[in-house]
Structures are given as structure tokens and as C-alpha cells.
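Number of protein chains: 4
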Amino acid sequence: MKDIQSQLDHRRVNIKKVGVKTISYPITVLDKENNRQHTVASVNMYVNLPHKFKGTHMSRFIEILNRFHGEIDLGSFQKILEEMKNRLNAEASHIEICFPYFLRRNHQEETLNSCRYECQMHGSLDNGDELELRFNVPIFRPLKKKNFHGMPRSRGHWGNSTITVRFNRFMWIEDLILLVERAIYDTHRQEKSLDEELNVYSVESLTEKIAENLSTQKEIKWYSVIVENLGEGYSTFASLASDDILNN
Amino acid sequence: MKDIQSQLDHRRVNIKKVGVKTISYPITVLDKENNRQHTVASVNMYVNLPHKFKGTHMSRFIEILNRFHGEIDLGSFQKILEEMKNRLNAEASHIEICFPYFLRRNHQEETLNSCRYECQMHGSLDNGDELELRFNVPIFRPLKKKNFHGMPRSRGHWGNSTITVRFNRFMWIEDLILLVERAIYDTHRQEKSLDEELNVYSVESLTEKIAENLSTQKEIKWYSVIVENLGEGYSTFASLASDDILNN
Amino acid sequence: MKDIQSQLDHRRVNIKKVGVKTISYPITVLDKENNRQHTVASVNMYVNLPHKFKGTHMSRFIEILNRFHGEIDLGSFQKILEEMKNRLNAEASHIEICFPYFLRRNHQEETLNSCRYECQMHGSLDNGDELELRFNVPIFRPLKKKNFHGMPRSRGHWGNSTITVRFNRFMWIEDLILLVERAIYDTHRQEKSLDEELNVYSVESLTEKIAENLSTQKEIKWYSVIVENLGEGYSTFASLASDDILNN
Amino acid sequence: MKDIQSQLDHRRVNIKKVGVKTISYPITVLDKENNRQHTVASVNMYVNLPHKFKGTHMSRFIEILNRFHGEIDLGSFQKILEEMKNRLNAEASHIEICFPYFLRRNHQEETLNSCRYECQMHGSLDNGDELELRFNVPIFRPLKKKNFHGMPRSRGHWGNSTITVRFNRFMWIEDLILLVERAIYDTHRQEKSLDEELNVYSVESLTEKIAENLSTQKEIKWYSVIVENLGEGYSTFASLASDDILNN
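For the protein sequence lines, the chains are B, P, Z and D, in the order given. Going left to right, the first sequence walks through residues 375 to 622 as the working numbering numbers them. Going left to right, the second sequence walks through residues 375 to 622 as the working numbering numbers them. Going left to right, the third sequence walks through residues 375 to 622 as the working numbering numbers them. Going left to right, the fourth sequence walks through residues 375 to 622 as the working numbering numbers them.
Okay, chain B solo, but in the shape it has when bound (with noise of 0.2 Å):
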């Protein structure tokens, strides 16, 4: 073992992680209307480390996540980052979730009661703290008229967005959602006809418009934007990404 190790501190390795991922585990989260929704996490947990693996207590991660039984929120996400770094002695502790997120709409006997988004969080305990937050919200194409059985009919599935945003302060999941959507189903309510819609609705100005409503949110510190068209055979993408350093 010590040629290889000399041979690693040649090239002096310098990330060193150790983890537990993809623990399927049921959460509730915070909910502008409700209080507390239930759902459903995909939970990641690591540590950096400071010079080499000496036999991690896997274990550990997972009693810290059994003590917390499910309760996330970002008091929670703190407190666990902080165990997960003192109890491992590590440089840095991070944890990321990935869940569903429903969204309630206003009931409308034909439309579903409960929209579905991907979310995404990314804490980090390191040389200070952060947190991010990345969630998608799919671009269908507007509905304009009911069919002759007066029932909706979806034009298919345009696209996706995919947003991340760093905080100044806390936000809604719902907030952000609702401004994004905003900026997609504004561009289109201005046009006249779907045939003009064309020239307008691209990859590149919805990218645009999301990251002017993400602009005018003095709680967000950072963003970027991926929006996705869905074409025959391969999709089409723009994205773009704010810059923090002046943000301060």
C-alpha cells in the first residue's frame, strides 16, 4: 500500500467523498397552502474528507437520517449537514433530495387537482453554507378552445425548463413555480394565432423572459435556465446562467 500511496500523493489527489445515495425514503416538506406536504425523497448524503479514507462509519449517515424521521425543511437540512460534518470529521458535508413536488390548482372539475414538478435541493456545509434549489416545469402548449365533446386536448408536450436558483432570503417552491410559469404562458397569451406563435415562441426567448421574471426576485442571489424544445429525433436547448459576484 505505500507505493500507492506515494504514487496517489504524486498527483496529490485532492478530492476525497464518501457516501450513502439513491435511499428511497417518504418526506414531508414545506407548503405555501397546506402547511406540509407528504411526498416521496430520493436522499443522497456525503462528506468530503481530509486526507484519506480510514474506514467511514456508514452507518453514521444513516442514523442521522433515522433521527430526523422524514422532516425536511431547511432548518432540518442545517442541522443535518452539521451532524454529518462533526460526526464524520469532515471538511465538508453535503446532502442532496430529489422529490415530487405537487402544486394544487384551482379546482376545476376537468383539469387534475395536483400538478406534478421535479425538485431537486443541494445543501452544502463548507467554507460557509449553501443551499440550491433546481426544479422543472414542463412546457405544454396552451389549451385555446374546447373540442366539439367539450373536453380539452392537449398540442403535446413542447418542451421542458429547467431552473436552479441560490437564495438571498427563503421563497416559496410555489412562488418560484408560479413565476416561471408566468413567463412561459405570457409569451403566448400575446400572440394572435398559432401560426404567428412560431416566430416567437423559441428556445431562446423563453430562456430569456424566465431569467427576466428570475431578475426582478431580489430573494434569488443566483440563477440559470435550461429551456428544451422537444423535436423529431433530438431536442433543442438555450440555457444561461446569472453571474453572483456583483450581486452582493
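Just so you know, not all the hints are guaranteed correct.
To be verified - Simulated crosslink set (EDC-like; lysine to aspartate or glutamate; CA at most 16 Å straight-line):
id : chain 1 : residue 1 : chain 2 : residue 2
1  : D       : K459      : D       : E437
2  : Z       : K395      : P       : E606
3  : B       : K459      : B       : E470
4  : P       : K592      : P       : D549
5  : D       : K595      : D       : D503
6  : D       : K395      : B       : E470
7  : Z       : K595      : Z       : D503
8  : P       : K459      : P       : E470
9  : B       : K395      : D       : E606
10 : P       : K395      : Z       : E606
11 : P       : K453      : P       : D503
In short, the hints are calculated from the structure, not lab data.
Could you slot chains P, Z and D onto chain B? The hints should help.
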């Protein structure tokens, strides 16, 4: 359209279905220990139509689903099926829901206190009514001892078992899962060494062991079992199904 | 083990299968334009056993597959099925292969010169032999005009069609795909405006259009069609199947 | 739009990308033993734009890809990158391709003569050019002996390793895979019994073993290694990355 219809009639088009599918929905299901548990389902609802499509009111599926607010149990299943059949003038109605079910474990500090099992329920109202439950029990190598750091290590993912049952009487999902796990791990516990295991622990023997345990339950009217062993580059599998004719 | 067997016998366990699955394998398939095309398949091979499992020689599946070196056509399919049935003393033998099939397009500079279609072939040797082909044709919104930058933009992924056929005589996959695409896009071409489309372009009407086109082919003994429209939060679908009894 | 731009400018939006993604394409790649092998790729192509989006000619990506007819090697990679950068007036250009690579094995009758490895190549033309190869080597438990039916049985899927490398000089994918497999299975071969293995075969030790083998290759400029062990309900993992600063 006449030509089409006559051609289709010539071939006696005999199955016509319409419906909605992959609706993601937060639901609660019955839980033996805690009464109800929260989870997230993917729901399909569809009907068999008698003659030809006549502008099915697709939105009625959503109206029916909304009315039940995600409370899914045997009682609501039956009512949803009846409403679909009546409101859509159908010959038969079907509902399928897939969801992860979490089984609470005895609290040991070091092991996850909740284990995930994929479940699928299929109810139909045709001639008579029928309920089928399918669930997946992953097979891991048992852990005989802890390693020198005091933590268990996995010997890897040996394979999966998929069990489908139809019922004479109600059974808890928990009881079914435990019945299957007893078959899987009892087989193992009789072994003397890991090397000896190789001759006994096979997809065929596990399939028969699980079938044996299911056969002892009077609540079960019919079952099928598939056991899969993950190998390098491919899996091997065995399956068997009971016959329910003699069972009445 | 006696007790088990008697219990199983009591329930007349009537289906027993063993085999290998999800073997990933580079294969060549018949291609109307270029004679053969290279693709990558996932292969399942299994047999029905008469009485009970007796230590099936799983490695024989692999030996048989290796011998054919990934050359898969109707001739080798038949030979593989016969070898499986004979060498494993089986009542019936089955082979399933899933693979992407690439259809070359007329070369236009700006569009992809090759389009991917998911295919699945299922051959079995039971009482008689049977070959079933399933393939997926995605449905995109037709592009009527280019946008101001001289490039086409997608109106999104409207949905998918899944077609299954059994044959009286050989047909090229290309011809089947084109037959289905003519049904999908002819429906559209008759429309006068995008708005009018909404009343005609439905899962029911497309299902019937595709069935109509398949019905005109004498090579086809039986077929089923599923058409799915991707909507916000769920899909709607319609399906129908021909009846092959009158077809003989 | 002015307000938007000024807001965006205020935050110094500093990354803008456009491109096409998930193009499925049959390709040929270099193969040490057979010169070239046929496989199927998923391709992403995108560019970094300097200031703002101005109606990117998305179709140019497709034109460029079509011109190379799926012949992907280091030479064509470089040419594709240059064409993208030039024709789209970009600051940087990127191409990513994911494909299964099949490694031929010595022909033993009973084992699959071709093994699948997931690979991903990422080339970019920015300041200088950079090529990164990522590949996955699944870890199965070694088979020490055959069972009583004369066939090997799998002890299950222990886990996976994911290796990423940047190069000083060209290396064959085959040689990289074999280098990693020697690290994985040598660790094992030294063991005396399956029980003893448990104390040695860990995600940390395997990560270090693989890193050791990669460190001996002068062709490799930088690498990272992740090893994952599949457990019941979650996986454990370890990772490390070399540092390339001293390596020049």
C-alpha cells in the same frame, strides 16, 4: 370513413379502449401498523367500449379521480370503477395504480428504518370484479457479520422477485411482503457457509420456496412468482404461476 | 420438499419458465435499402418446462446465442427457437429482442438523415410458430413553414403510437413504419389551419386511421394499435385490436 | 425587452449556450481488436455564445453531424468541434456522445462473448482543446466454482465503478477497461475465503486500487474514480480525483 369501418368490421375489431394514463398523484394507502401511509402514485384509468369510439369525454376520468382526493383503498377502488363504467357507458372499466410502499422496520440505529417496495394494483369491473396486486421484493445477500469498523457491508444485489396475487379475502401488503421475505431468507439461514450457498440458492429453488409460502395462505386465490438473479451481462430467471380453477 | 410439491400440484401449477434476459448484444437486422443495418439489442430467451424445474442448464442459452453471432433475421430466429426447444427439452421456446431501428431519410441538409424507431420482435415455438413485431412511431407536430432564421422549429411532441402485428407473409419494417406515418400525417395534411386541427386530430381518430392503413395489407394477419397524446400531467390514449379468427 | 436586457446585464449573465441534444445515431468507434465496431450513440452538440442569443441556426448542428455520417473518432471529433465553432461564431464548442462499447471476450462456450460498457466522450474547443472519457465498469462477484449442473451462478451485482480520464496521449478503451478490471478482481483473488472478503472488499479500498492502476499510466493526465456498492435500500460510495497541476 365507411370504407374504414367496413374493413375494420371485416376483421372484427374486438377490443377498444380509451383512457388516461401516467397521472402522478399523491395518495394514501392502507398501512397495517399506522393505519394509513402517504405515498405518490402513477395512475392509469381506462374503459372498454362496446362498438366504436364516439368522442369519449376524457375529462370525466379526471373528474372522477379528483372526487376521491387520492384516498385509495379497496372501497374507493370499487366506487371509482363503477363510476367509470356508468359515466362512460363502458363494457368494462379498469384502474391501475403503481406506488412505492414503505415498510417500517424495527428501529435499529444503524439500518434504514423504512424499506421501499414497488407495488401495482389493478382493479377491473368486467364480468364480476377482480383485484390483482403485484409487488417487488429485492433480494440482497444476507449480512452475517459486521466488518472491523462495526458497520455492515453489503455483498451486493443478488436479484429481484416479482409476485402477483389475486385474492379470496383481504390481506395486508405487509403480511405478503413478510411471507415472501421469509421464503427468501430462510433458504439462506439453513446454509452453513457462503460457499455451500451456491448450490442451493438458485432462481428455481427460490421461485419454488416463495410459491410454497404463498400456497399456504387461504386468502390467496391465485399467484405467480418470478425470481431473477443479476449476472454479468445478463440475468437468469425462473417463473411459475398457480392455476385457480381447482381453487374455487 | 414433498409438501411443497403436493401443495403446488394441488393448485396445478401450470406455467413454468426459465431463461436469461436483458442480454445486451450488438446485432445486424435486415434493412430494405441497405440490406443489413447494425444496431444494439436487448435479448430475452426462455423456455416453458413441462413438469418441474430440474436444474436447467442456463449456460445453454448463452451457447446458442453465441453461435449465431448476433445475426438476427427470420431464418436465424427460427433456428434459435428450435435449438432452445431441443437442447433444453422444453414444451415451448421464446425469444424477444428489442432494438432501435434507424430509417434513412432522403438527404436534406437541414434534417437528421436517420430516424430512430423502437422495435421489439417476439418469436415463439409452441403449437406452431408465431412471430410478432411491435414498433413505436412518435408523433410530432408537422412543420408547415420555417421561421425567420430559415430553420424549422418543433411544435413539440404530440404523442406516440405503438403498433403490434402478426404476419401472413414477410413485410419490411420500413414499409410498416411508412404505412403508419402516412396515416398520421395524411390526417394532418387535409387540415386547413392549426386551429381546425384540434377538432380532428384526436387519439381516437388517429387510432382508426392507422388501423385502416394496416387493414389494407394482406401480409398482416393481426394487429393492434395504441395512440397516446401527451398532456399536462397525464396522457390520454385509445387502442384497438383486430381479430384474426376470420382472417384465416 | 430593454428592461430585461439591462437587468440581465446588471447580473452579468456570463454563460450562454445553445445546441441540440439526445440525437440518437448509429455510429462506428475505434476498436483495438477489430479496428472499428458498430454501436448506437446519443449525441449532444452545443456552443457557448459571446453576448446574446441572436436566432441561432440550430439546423447547422444537424448539417455538420450529417456530413460526418456517424464516423466518430478523435480526428472527426476535432473537425466537428472546429466546424461548430466557426459556423456558429461561437466562443467555445462542445460535443458529447454516449454509447455502449462491447468488449469481445475469449470465446468460452458458456459465457457471453461480448460485454457491454457504458461510455461517454466529451470533447470541447475552448482555450485549447480537451477530451474527456467516462466509462462504467460493473462489479460482479467472482465465480469461484460451478454448481452441480455444471454452470456458473452469479453471486449478484456487487456494485459499479465510474472512471473519468483526460489524456496526455491516446489510449484504447479496451486497455482502460482491462486496467480497471484488474484492479477490481485482483483485490479479490488474493482472498482466501468468501467470508474473509468482507473485510477487504470495500468501496474505499476498491476506489484506491483502481486509482493506483490508473496512476501507473503515463498516457493519463487526470482521472477520477467512483465506486458504488449496492445495498438494501441504498448504496454506499467513495470517490477520489487526481490533481493534474503537478502532472505537466
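Checked hints:
Restraint check for D:K459 and D:E437: satisfied, since their Cα atoms lie roughly 14 Å apart, inside the 16 Å limit. The hinted pair formed by Z:K395 and P:E606 meets the criterion: a straight-line CA distance of about 11 Å does not exceed 16 Å. The suggested pairing of B:K459 with B:E470 holds, with an alpha-carbon distance near 15 Å, which does not exceed 16 Å. Annotation: proposed proximity of P:K592 to P:D549 holds, straight-line Cα distance about 13 Å (limit 16 Å).
In summary, the hint linking D:K595 to D:D503 is supported, as the alpha carbons are separated by about 14 Å, within the 16 Å threshold. At roughly 26 Å between alpha-carbon atoms, D:K395 and B:E470 are farther apart than 16 Å, so this suggested pair is violated. Between Z:K595 and Z:D503 the CA atoms are separated by roughly 14 Å; this keeps the pair inside 16 Å, and the hint holds. For a cut-off of 16 Å, the pair hint linking P:K459 to P:E470 stands: about 15 Å separates their Cα positions.
Distance check on the hinted pair: B:K395 and D:E606 sit about 11 Å apart at the alpha-carbon level, within 16 Å; holds. Distance hint between P:K395 and Z:E606 is fulfilled; the C-alpha atoms sit about 11 Å from each other, no more than 16 Å. Restraint check: the Cα-Cα separation between P:K453 and P:D503 comes to about 12 Å, which is no more than 16 Å; the hinted pair holds.
The structure fails to meet hint 6 from the earlier list, while all remaining hints are met.
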